[in-house]
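Protein chains in written order, with our numbering: chain A, 26 to 202; chain H, 59 to 689; chain Y, 321 to 422.
Hints listed in this document are in silico derivations from the structure and should not be mistaken for laboratory results. Among the hints, erroneous ones may be present.
[As the list claims (entries may be wrong)] Straight line, CA to CA, 27 angstroms or less: simulated DSS-like cross-link-like pairs of lysine-lysine:
| no. | chain 1 | residue 1 | chain 2 | residue 2 |
| --- | --- | --- | --- | --- |
| 1 | Y | Lys410 | A | Lys107 |
| 2 | Y | Lys408 | A | Lys107 |
| 3 | H | Lys505 | H | Lys431 |
| 4 | Y | Lys408 | A | Lys110 |
| 5 | H | Lys425 | H | Lys220 |
| 6 | H | Lys505 | H | Lys230 |
| 7 | H | Lys220 | H | Lys86 |
| 8 | H | Lys591 | H | Lys505 |
| 9 | A | Lys110 | Y | Lys410 |
| 10 | H | Lys425 | H | Lys606 |
| 11 | H | Lys606 | H | Lys592 |
| 12 | H | Lys431 | H | Lys592 |
| 13 | H | Lys638 | Y | Lys408 |
| 14 | H | Lys638 | H | Lys425 |
| 15 | H | Lys505 | H | Lys425 |
| 16 | H | Lys667 | A | Lys107 |
| 17 | H | Lys667 | Y | Lys408 |
| 18 | H | Lys667 | A | Lys110 |
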Amino acid sequence: MTILFYIAAIIAIISTIMVITRTNVIHALLYMVVSLLATAVMFFLIGAPFIAALEIMIYAGAITVLFVFVVMMLNLGEEAVKQEKQWLSFSGWIFPAFLSLILLLEVIFIISSSGSVPISGKVIDPKLVGQSLFTTYLIGVELSAILLLAGIIGAYHLARRKKKVVHRFLELEGAEE
Amino acid sequence: MYDFLWLVPTLPFLGFLILALFGKKLGKTLSAFVGVGSIGISALITILIGIRFLSSPPEGDAFVQTLWTWIAVDRFNVNIALHLDALSLVFTFVITFVGFWIHLYSVEYMADDESFSRFFAYMNLFVGAMLLLVLGDNLLLLYLGWEGVGLCSYLLIGFWYKDSANGYAARKAFIVTRVGDAAMAIGLFLLFYSFGTLNIQEILTQAPQTWSVGNNLAVIATLLLLGGAVGKSAQLPLQVWLPDAMAGPTPTSALIHAATMVTAGVYLIARMHGIYELAPVSMFVVAIVGAATLLIAGFAGLTQVDIKRVLAYSTISQIGYMFLALGVGAWSAAIFHFMIHAFFKALLFLGAGAIILAQHHEQNMFKMGGLAKALPVTFWTFLIGSGSLAALPLVTAGFYSKDAIIWFAWSAEGGNIYLWAAAVFGAFITGFYTFRMVFVTFFGQQKIDVSHFPKWTIHVPLIVLAFFALFGGFIELPGTMGHFTLFSDFLKSALPAMEEVAHENVSLEYFSQILTAVLALVSVYLAYVLYLKKPQIVTNFTDTGFGKGLQQFFLSGLGFDWLYERLFIRPYVWIARTNKRDFIDLFYVFLPWMSRQFHYAFSYTQSGKVRRYILGIALGAVVSITIVVIL
Amino acid sequence: MSSISLNTGLVIASILFFLGFLGVMIRRNILFMLISVEIMLNAAGLAFIFAGASHNAPDGQVMFIFILTMAAAEVAVGLALLIQVYQKFKTLDSDAASNMRG
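Next up, chain A with everything else stripped away, as it sits in the complex (with noise of 0.2 angstroms):
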C-alpha cells in the first residue's frame, strides 16, 4: 500500500511538471488528466474514496473535458504551439522556478518543523461526509450552491457572442440586443 502510494504520488508530480511545460495543449491537459488520476489513487489508498470517485468524474472528467471543447472550441494550430515554444524561454522561467522552490523549501521546513501524525488509512464512511455536509456544513453548501448558480449565470453572459449593430452611418460593436 505504501509503494502504491509514494508511485502514485510520484506519478502525479512527474505528470504535473509536464503539464506545466508542455506547449501543445491537448498534451498539457493529457497529462493532468494523469496527474488527477494519480490524486484520485492516493486518496483511494488514504481512506477516502468516495473523493476519488468525486476527483476522476468532476476533475479529471467534467471540467478537463471543458478545457478540451474550449480547446477545440478556439481550433488552435501549429502557430500556436511555435508561440508557445517562443515563450517558454530559459530567462523567463528561471527566477519564477528560483522563487517557488524557495517557497517550496520554507514550506516543507515549516511542515517537518512541526510533529508528525501517521495516517491509518480508515475508510471514512461517505456517509459520515454527506450527514456533516447537510449538518455542520449546511451554509457553506448553500453557498456553493450560490456560486454555482452565479459562475451558471457568470460564464453565461461572459461567453455570449455580441451581436453586431450596422447602423446607417457607423458600426457600433458589442451593442446589446
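Assemble the complex: chain A is given as a structure, and chains H and Y must be docked to it using the hints.
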C-alpha cells in the same frame, strides 16, 4: 423704551443686508430710503432712549440688554449683550445723529455714482459696526465691532476701486490699523487671563481688587489696549493711514472722522478708564502720545494743499487733544470734545465735499478761491465749522471743549505745564491752518466756475450741524464762566468726575483761557495776512532753501511715511523677496514630491501584465514566509 | 502502511501546489494559466484530505467538495473570459490584455 435698544444697532445691519442683497434691484431712490431711513430710525430711537435716560435713569445708571449667549466654553462665557450707560449713550447719539445727516448728505453727493446702493450698504454696515462697538457689554463684542469698523473703512476708502491708488490707500489703512488691533487682541487675552471674564463692567469692578496701582500687568494690558487705540484713532505712531484715507468719497471721510472709526480709540480708553487709573505710567503715555500727535499733525496740516488732507491732519490733531485729556484723567472733557468735534468735523467735511462737488472734483484748494459768493450757505456753515475747529473764543462750541482740555492739561492730576504748552501751541497752529484753508478757498479770485449748486439734501445737514457746532458748547461751561456742568454731571455715572481738583486756581484758569483766546484770534489774523493780504511773504519764504525743505517736510506728514518705508516696508519686502521659495515650505513641498515618487514607483508595477502581479505575490509570499521561518 | 504520515502527504501536496504556482508564473498562455490554477486547487484539496485522514474526520472531505465546487465555477467563468479575450485580441497572450494599466 429701553427695550428697543437692540433696534439701534440692528437697523443699520438690516439696512446693510437689504442693500447688499437687493441693492441693484431697488434703484437709487429706494436704496436712499433704506440707507438713510435705517440710520434715521436708529437715531430717533436713540434720542427717545436718551430722553428717557435723562428723565428717569435706569437702575445703577446703566441698562443691560442680554440678547443671547454667543460663546459658552467652560469659564469663557460671552453674551451678545448691549450695555447702555451715559458714556455709550453719548457715543450712540453722536454716531446715529451725525451719521444720519452724513447719510442724508450722501444722497446728493453720490447721486451720480453707479455704485449708489453699494455705498449705502457699506455706510450702514459701518454705522452698525460702530454701534456694536460702543454698545457691546463685553470686550469681545467690542472687538467684533472694532474689526467691523476696520473692514468698513477698508471697503469705503477703496470704494472707487478702479483707481489702484485708492486700493493702495485702503490696504494701507487696513494694515496699519491691524498692527494696533493685534496689540489690542493680546491685551484682551491678558485681561481674560487676569480676570477670567471679558465683561467690561466685571473687569472694571474686579480690577482695583486684583491689581494695585502701578501693577506691571495693568501697565502692560493698558499699553496694549492703547496700541489698539492709537491704530484706530490714527495717533502717533500709527497715524500714517488717515491722510491717505482721503481717497474715499467725502461723506466716508466725514463718517470716519466724525462719527465712527477714529473715535473708537477714545471710546476704548474712556470705557476702560478703571484699569487705566491703576496704571499711571500708561496714563502718562496716553497724554504724551496725544500731545505729540496734536503737534505733529498740526505742523503737517500747515502746508497741505489738498483741502481734505488739511481736514485729515486736523482730525489727527483733535483726536490728539482727546488723548491728552484722557491721559491727564479729564475723562469727561475728552468725551465733550469728542462730541463737539464730531459736529464740526462732520460739518467741515460735508462742506468740503460740497466745495469739491462744485469745483469739478478738484481738491487742491490753491486752485479754488472766491467761493464765498457763489456758495453762501456752504461758506457760512464752513466758516462756523472752522471757527469751532480753531476754537474762536466765546461764540463757538469748539472753544469750550478745547479750553477745558487745555486747562486740564495743566491743572489735572496727571497734567503739567509742558502738556499745557503743547496744547496751547497746538491750538495756535490749528487756528492758523484752519483759516488758511478758509481764506484760500473762499476769498480772492474765483478760478474755477461752479459746476454744482447744492440742493436741500446738502444744505440741511450743513445747517443742522452748524447749529450744533455753534451752540453745542453751552451745555458745559468752564468754572470761570458760570460753572455750568450739565455734560460732565451727566457723564458722572459712567466716568469719574475730577472737576473739584481743577477749579482751585481761578486766576490761572483765566490766564489760560485768555491766552488761548488771544492766540486763536492772532492765528486767524496771521493766516489772513499771510494768505490773503501779503501772500508774497509765504512765497518768499518757501523760495529759500530752508523754507522749501521745511515745506516738503511738513507736506509729507513729517516724513513718517518715508521713515516707515525704510524702517519696515523695505526690510520686509527684502525678506519676502529673498525668501520667495519659503524655506519652511520646502519641507511641505518635499512631502508631496515624495508621495509622487512613490506614486510613480507603484504605478510602474501596475503594468497590466498578470504574470508580473503573480510574481509580486510570490515575492511577497517569500518575504512573509521567510519572516515566519526566521522568527 | 503506517509509513504514510501527515507530513509526507503535506509535502506532496505542497510540491504539487508550487508546481502549479510555477506554471501560473511562467506561462503566458491564459489557457495554461487556468490549467495551472486547477493544479493548485487540486493540491490544496489534497492537503485537506490528508489533514482529514490524519484526524479520521470527514471534514477534510467536506472541504474538498467545496473546493471542487469552487473550481468548477472558476473554470466555467475563466473559460468564458478566455473566449472573450480571444475574440477581442485574437490571441491567448495574457500580456495582450494590459491596456488598463495604471
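Going down the list of hints, with the structure as the test:
1. Note on Y:Lys410 and A:Lys107: the hinted pairing holds, with a Cα-Cα distance of about 16 angstroms set against a maximum of 27 angstroms.
2. Between Y:Lys408 and A:Lys107 the CA atoms are separated by roughly 21 angstroms; this keeps the pair inside 27 angstroms, and the hint holds.
3. This hinted pair checks out: H:Lys505 and H:Lys431 have alpha carbons roughly 13 angstroms apart, not beyond 27 angstroms.
4. Straight-line distance between C-alpha atoms of Y:Lys408 and A:Lys110 comes to about 23 angstroms, which keeps the hinted pair within the 27 angstroms bound.
5. A C-alpha spacing of about 26 angstroms is found between H:Lys425 and H:Lys220, which places the hinted pair at or below 27 angstroms, so the restraint holds.
6. Annotation: proposed proximity of H:Lys505 to H:Lys230 is violated, straight-line Cα distance about 34 angstroms (limit 27 angstroms).
7. For a cut-off of 27 angstroms, the pair hint linking H:Lys220 to H:Lys86 stands: about 21 angstroms separates their Cα positions.
8. With a C-alpha separation of about 18 angstroms, the suggested pairing of H:Lys591 with H:Lys505 holds against the 27 angstroms cut-off.
9. Between A:Lys110 and Y:Lys410, the direct Cα distance comes to roughly 18 angstroms. Compliance with the 27 angstroms bound is thereby established for this hinted pair.
10. For a cut-off of 27 angstroms, the pair hint linking H:Lys425 to H:Lys606 stands: about 20 angstroms separates their Cα positions.
11. Straight-line distance between C-alpha atoms of H:Lys606 and H:Lys592 comes to about 18 angstroms, which keeps the hinted pair within the 27 angstroms bound.
12. Using a Cα cut-off of 27 angstroms, the hinted pair H:Lys431 and H:Lys592 holds, with the two alpha carbons roughly 22 angstroms apart.
13. At most 27 angstroms may separate the alpha-carbon atoms for a hinted pair to count; H:Lys638 and Y:Lys408 exceed this at roughly 55 angstroms.
14. Between H:Lys638 and H:Lys425, the direct Cα distance comes to roughly 46 angstroms. Violation of the 27 angstroms bound is thereby established for this hinted pair.
15. Straight-line distance between C-alpha atoms of H:Lys505 and H:Lys425 comes to about 6 angstroms, which keeps the hinted pair within the 27 angstroms bound.
16. Under the criterion of a C-alpha separation no larger than 27 angstroms, the hint pairing H:Lys667 with A:Lys107 is consistent with the structure, at around 21 angstroms.
17. Taking the CA atoms of H:Lys667 and Y:Lys408, the gap is near 17 angstroms; set against the 27 angstroms cutoff, the hint holds.
18. This hinted pair checks out: H:Lys667 and A:Lys110 have alpha carbons roughly 19 angstroms apart, not beyond 27 angstroms.
In summary, the structure is inconsistent with hints 6, 13 and 14 from the numbered list given earlier, while agreeing with the others.
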